[in-house]
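**Q** Once you've looked at the hints, dock chain B against the given chain A.
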Amino acid sequence: AQKITQTQPGMFVQEKEAVTLDCTYDTSDPSYGLFWYKQPSSGEMIFLIYQGSYDQQNATEGRYSLNFQKARKSANLVISASQLGDSAMYFCAMRERNTGGFKTIFGAGTRLFVKA
Amino acid sequence: NAGVTQTPKFQVLKTGQSMTLQCAQDMNHNSMYWYRQDPGMGLRLIYYSASEGTTDKGEVPNGYNVSRLNKREFSLRLESAAPSQTSVYFCASSAQQVGRENTEAFFGQGTRLTVV
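Residue numbers (our numbering), protein chains in the order written: chain A, 1 to 116; chain B, 117 to 232.
In case anyone wonders, no lab produced these hints; they're calculated from the structure. Treat the hints with caution; some may be incorrect.
Derived lysine to aspartate or glutamate pairs resembling EDC-like cross-links, with alpha carbons at most 20 Å apart [what the hints assert, rightly or not]:
(1) 125(B) / 44(A)
(2) 3(A) / 26(A)
(3) 3(A) / 154(B)
(4) 70(A) / 26(A)
(5) 16(A) / 61(A)
(6) 125(B) / 142(B)
(7) 70(A) / 22(A)
(8) 73(A) / 29(A)
(9) 3(A) / 172(B)
(10) 187(B) / 142(B)
(11) 115(A) / 86(A)
(12) 125(B) / 195(B)
(13) 173(B) / 154(B)
(14) 3(A) / 175(B)
(15) 173(B) / 29(A)
Where chain B lies over chain A, by a calculated footprint (3+ residues, C-beta under 8 Å) [claimed, not checked]:
(16) 39 to 48
(17) 101 to 114
Here a beta-carbon is modelled for each residue, glycine too, at the ideal position from N, C-alpha and C.
So that you can see chain A by itself, here it is in the shape it has in the complex (with noise of 0.2 Å):
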């Protein structure tokens, strides 16, 4: 079963606005982490923001933002302000408890496109 869904394969946004990028988890474990990596064409991972299970308020950092409803499990990045720079792929992740110890597991991603 798919535990990271990522429901939008391709978002636009104009340049200067706010987009939200879609991610609801599913776990049973009550104490897990959720994260965000950025991808652009050259390929390297780059670590955005984290959240975790009982942090009390929404990460932040800088432009970027985690919209964390636990009720329904899901954990929407918020990009502010966007910039060209910002056309990439972004994947969603959480990192759960196992037997093996934590293991990390992504979603599908999401294409970003920022128009001029």
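**A** Chain B only, in chain A's frame:
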């Protein structure tokens, strides 16, 4: 500051050939991972190692074996390559452990493998 180093960067194999992808990290991380990335499917976890001496299957382990040689190194072996294993392979490491759940994963640059 090397971080996570993967070798090789590119490889072409014939069906049935074997090869080992090498990964080393110099950040003293306890957890290491192997993922494959295919278009439209995001990153899928092949195997992971929560600590030196332990390995566990991820989402798509069939056709692969791993070795956690020491704390620094985590290799991925394809015993008999198949065209379905054509993919981009990423190694990652993190300091994730109880009490340090918010640590992100650091990724290597990826290995582009083609099996013909």
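**Q** Could you tell me which of the hints above the structure violates, numbers in ascending order?
**A** none
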